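Participant: Read top to bottom, the protein sequences are chains W, Z, F and L. Sequential numbering of the first sequence, starting at 1, is according to this note's numbering. Sequential numbering of the second sequence, starting at 1, is according to this note's numbering. Sequential numbering of the third sequence, starting at 1, is according to this note's numbering. Sequential numbering of the fourth sequence, starting at 1, is according to this note's numbering.
For the record, the hints were derived by calculation from the structure and aren't laboratory data. Among the clues, some could well be false.
Said to hold, decoys possible - Okay, derived cross-link-like pairs now, DSBU-like style, lysine-lysine, Cα gap no bigger than 35 Å in a straight line: (1) Lys315/W x Lys84/W; (2) Lys307/Z x Lys282/Z; (3) Lys307/W x Lys244/Z; (4) Lys306/L x Lys79/F; (5) Lys84/W x Lys208/Z; (6) Lys33/W x Lys200/W.
Stated by the list, open to error - To be clear about the criterion: a stretch of chain F counts as covered by chain L if any three or more of its residues have a C-beta under 8 Å from a C-beta of chain L, and this derived list gives those stretches: (7) 81 to 93; (8) 96 to 103; (9) 108 to 116; (10) 130 to 137; (11) 160 to 174; (12) 278 to 292.
Bear in mind the structure is a predicted one, so any value in this text is a computation, not a measurement. The C-beta atom is built at its ideal place from N, Cα and C for all residues, glycine as well.
Number of protein chains: 4
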Amino acid sequence: MNSLGVFTSGGDSPGMNAAIRAVVRSGLRNNMKIFGIRHGYEGMIDGDIFEMNGCDVANIISRGGTILRTARSKRFMTKQGREKAYENLNKYGIEGIIGIGGDGTFHGLKDMINETSFKTIGLPGTIDNDLFGTEATIGYDTACNTAMEAIDKIKDTASSHERIFLVEVMGRHAGFIGLETGIATGAEDVLIPETPTDFKALVKVLEKRIREGKKSAIVVVAEGDEMGGAFDAEREIKKLSNLKTRVTILGHIQRGGSPTMRDRVLATRLGYHAVEALLEGKSGVMVGICKGSVVFIPIEDTFNKKKIVEQDEIKMMPFLL
Amino acid sequence: MNSLGVFTSGGDSPGMNAAIRAVVRSGLRNNMKIFGIRHGYEGMIDGDIFEMNGCDVANIISRGGTILRTARSKRFMTKQGREKAYENLNKYGIEGIIGIGGDGTFHGLKDMINETSFKTIGLPGTIDNDLFGTEATIGYDTACNTAMEAIDKIKDTASSHERIFLVEVMGRHAGFIGLETGIATGAEDVLIPETPTDFKALVKVLEKRIREGKKSAIVVVAEGDEMGGAFDAEREIKKLSNLKTRVTILGHIQRGGSPTMRDRVLATRLGYHAVEALLEGKSGVMVGICKGSVVFIPIEDTFNKKKIVEQDEIKMMPFLL
Amino acid sequence: MNSLGVFTSGGDSPGMNAAIRAVVRSGLRNNMKIFGIRHGYEGMIDGDIFEMNGCDVANIISRGGTILRTARSKRFMTKQGREKAYENLNKYGIEGIIGIGGDGTFHGLKDMINETSFKTIGLPGTIDNDLFGTEATIGYDTACNTAMEAIDKIKDTASSHERIFLVEVMGRHAGFIGLETGIATGAEDVLIPETPTDFKALVKVLEKRIREGKKSAIVVVAEGDEMGGAFDAEREIKKLSNLKTRVTILGHIQRGGSPTMRDRVLATRLGYHAVEALLEGKSGVMVGICKGSVVFIPIEDTFNKKKIVEQDEIKMMPFLL
Amino acid sequence: MNSLGVFTSGGDSPGMNAAIRAVVRSGLRNNMKIFGIRHGYEGMIDGDIFEMNGCDVANIISRGGTILRTARSKRFMTKQGREKAYENLNKYGIEGIIGIGGDGTFHGLKDMINETSFKTIGLPGTIDNDLFGTEATIGYDTACNTAMEAIDKIKDTASSHERIFLVEVMGRHAGFIGLETGIATGAEDVLIPETPTDFKALVKVLEKRIREGKKSAIVVVAEGDEMGGAFDAEREIKKLSNLKTRVTILGHIQRGGSPTMRDRVLATRLGYHAVEALLEGKSGVMVGICKGSVVFIPIEDTFNKKKIVEQDEIKMMPFLL
């Protein structure tokens, strides 16, 4: 293989730049031509493609976001859009493709695998950590630490004013961020889609706490909890009690920022092995981490199978109460 | 003077603990008895008062929130409530009072000055920086840095996705936080109550930017802008254009967190001088900082007169555009 | 089992407080009496022991250091010292012991196992990550992130002045911190005890870099590299070249600070399972994490067997060059 | 005036990039040609000069270091070197010069003023805060916060191990960083060049503390204290007592990192006014901040007159003891 294209797609996540850097550096080291594709599948369709050298990735390992930009692409979901994209890749002589993103990105890669002979590799880049086949996704650790630090700050106010705060964290389909930041901040409860929310029990716990003298509390709510987000949770609590609550939505701050050590190292390892995999002729797989080792997972498994939150940590939830 | 009471009231702000520490340490050094009053005026009415020693303030200089807790008190607005409070202060033999807070706190102090012979001193503790007579309030610098760091993170996503973000910062009546964090993050515009918001001009600027190739933008909106908060701004922009915007409300993270160097030093200086002022027989004043020096301002001036944002920095706003 | 004692020993590490909290909370939940032992084995010998309740551990999950204090104890290495300690434990009716620390702490636990019938459990608390039988030790993730952020700052100066910085990180016997922070900061090279240091090759790489135009560089040096620390490395480089280098020793900042999400969650899990293990009658083991699952390792294995750095990451080192 | 050149010189400081950005943006806004000069006076002599546009300064407001690089120049101290530099400036048609740096930078500007007709303006860019005529220098606030956060971390270990730490901060000729970080971290003492160090008194205080039960302590030492740095202080303490101390040198981490809100706003204001000043025909002055307002100080005053530390804060020092 003499040339590869790399792109980021879907929601941005911290560490995407570190992954791009590792891909570019590993590729150049193996005397390949490296092409950056801007704005994910959109740039593939529009031909927004450029050759990258070592300078393009200098000092980006510590930066949030993605220098290749990102987007969601409806056009790539059409046959016509994809054909335009394949044409562009051929025009540049690109043989291998490395796509960094989540669920949506990998669906696109699957189409490519089915329809073309490009060698394609996926790298898990999403803060949500909800891809089957890898213990950790690039950006997850940073997002959790950002959310945790924000909740630490909110705890100052919660305890100064003796208030109950419902803090909504990201996680549309999964409770990874919610569960681990809840444990890490000593939250009174964590509402995540993986476990049924029992508001009666929650209200009882909070009321008991107040009677015992601890008048402030943090309840972490995953945006995708089956009962809804933090405002919905507040409504339910108000139906059942006179508890005074405040809602804070952490929002987009969870996506950005300089990646943590772990996300930078993970991105570097996965980027390195993505290039190695292409050179060995692998295709149609995501490079992931499983039990500390690099593994290769069929791309369709990453979205067809379901990754579950750490069951052992679920036990820490009642422990918190 | 042999004894003093200290309390925090209103919204908590980072550095309140550093101020409490300085008051306690300075008081003890001058052989005074120091009483902590919990929950602001509420604790004064309820007699939630305890004697403090050096250990009570050990290692709190770096902590957000307030160890004395805080509250807003409706009861202190009644004659009856205040009389109960005065009774309690007398019961403990408290002669001097140091109240740390904002506008509302100082209105309470003014009542006390009018109705009693307690010597009373106010310390400016609010993230909003909107008290006349002091260049800086305790907590303002930390809140600005927290907001700035959050916006830095949002910029990663804004530029990765090429989106326009409307970021709402605190400031119900004043644009201090908005103006300075807007300058510090290189925002495209800042909407603050002190300046009229011209949405037509804003839309024009944003559209021009996009034509020129810069497709991401940050607009900082003070929650108290005369046109409303960030969601209101978004509505206006949508009326005038097809620009795609996202709203993020930074919310309560701006109140908490470990105080910055400047807030700790400011709180220490003001706390120290509050005790000195009581010992010199001063009363009815707020201790503030003006042009780098400690000053004493009649407490009623702090809320009757209006502090304005730095006019020189207003010039930096068009500069940003 | 009705009562347990918990202590921290050896060098402090971020997350020790989270572990103490989890032990105390889990124990109380199981209706046990929990005793805190101050200053590690020293306090055991001196009878510096107190009963703990839920309030003692409120809000400590986010704090660095250890509320139980820590120390190294020569007296516990003597038969006489240990007997005094056992006597004290018996006096308080303590049946189970949970010791949080590293190598030295576990040697002490081993003596206790050999000489008494106390049930003893070890928790890995050290920033160095060099205990066999656990993928991660409590404090390692935080220390790495602290070191990484410090090196990020030094890179600003390195690239502004176009200088070569030799940055010494902790790790007396192991290169875990050095290797992962080196990868995470995009260092030009990493000198760790696990790999032989070839200064000629290093000088050649640095000189090549300069010729190619990149005039700044970071070389991360583990304090325990077989060639010595950063000052020793500088001396060797000067012998072989005219390269101008600067040395920075990161030092004790790596031990402190609020723990990361990962260290808090790890400490909570291990603390929870330590209590469960005691209740199940386990003894003589360290609770660790292996491939994501909680495991129990004979305490003597933790120091008799050698944990090695991730071999896959070693490959990232030449990649960096 | 139609064109200006901008450069950074001497030690780098956080906020230099924000100042460069403000100069470039303000200049372009006034339809000037802006030239960046790399490596300070070195680049002026070598002709390392390039025209800058808006893109060159995009997103640099949040970055530490300086995109123009910096250096100290011996050649500019020679007549011959300076003539070469002037020639280059003329070659590019540069009429105005804005130099960002400290003492050494301003001596160079003074030569330029004496020998040429270039309009020259200085901006105070140094972490040391030791330039006469301005309350604050660009980078000082960030350096103090970095040092403070590092000392906060060291306090975790100091109090866990009950040790005395001597922490050396930057400040070769002045105690600004030492004094304010000492106050902000609740240090037991601060050793700065502006006040005589009485080791006997210091030892007495530390010994008294230990007798009273507080066994940990932080002593902040400015590297330029008249008695020497932290290692020298340790030696003196050991001569007079059996106190066990540890030394940590914070070093270069104090120079780098993303600038604080205050440094970014200060740099933006000063950069803006530097361009305005040139347009008004001013020359031979430093733009500074005095009592909150922008002021213009004859360049020779900045190094011939001595700026002193805040005397009011000196009073906080014994208060700390």
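Participant: All hints, please: hold or fail.
Facilitator: Status of the hints after comparison with the structure:
Taking the CA atoms of Lys315/W and Lys84/W, the gap is near 50 Å; set against the 35 Å cutoff, the hint is violated. Using a Cα cut-off of 35 Å, the hinted pair Lys307/Z and Lys282/Z holds, with the two alpha carbons roughly 24 Å apart. As the CA atoms of Lys307/W and Lys244/Z are separated by approximately 33 Å, the hinted pair is consistent with the 35 Å bound. For the given pair, Lys306/L sits about 64 Å from Lys79/F by alpha-carbon distance, which is inconsistent with the 35 Å threshold.
Distance hint between Lys84/W and Lys208/Z is fulfilled; the C-alpha atoms sit about 30 Å from each other, no more than 35 Å. Between the alpha carbons of Lys33/W and Lys200/W the distance comes to roughly 60 Å, so the proposed pair goes past 35 Å and is violated. Coverage of the stretch 81 to 93 of chain F by chain L is violated [criterion: at least 3 residues with CB-CB distance below 8 Å; count 0]. Counting residues of the stretch 96 to 103 of chain F whose CB falls under 8 Å from any CB of chain L gives 0; the rule of at least 3 is not met.
Counting residues of the stretch 108 to 116 of chain F whose CB lies closer than 8 Å to any CB of chain L gives 0, which falls below the minimum of 3, so the coverage claim is violated. Coverage of a stretch by a chain is defined here by at least three residues with a beta carbon nearer than 8 Å to that chain's beta carbons; for the stretch 130 to 137 of chain F and chain L the count is 0, and the condition is violated. Residue count for the stretch 160 to 174 of chain F with a Cβ under 8 Å from a Cβ of chain L: 4. That meets the three needed, and the coverage hint holds. A count of 0 residues in the stretch 278 to 292 of chain F with a Cβ less than 8 Å from any Cβ of chain L is obtained; the coverage claim is therefore unmet, three being the minimum.
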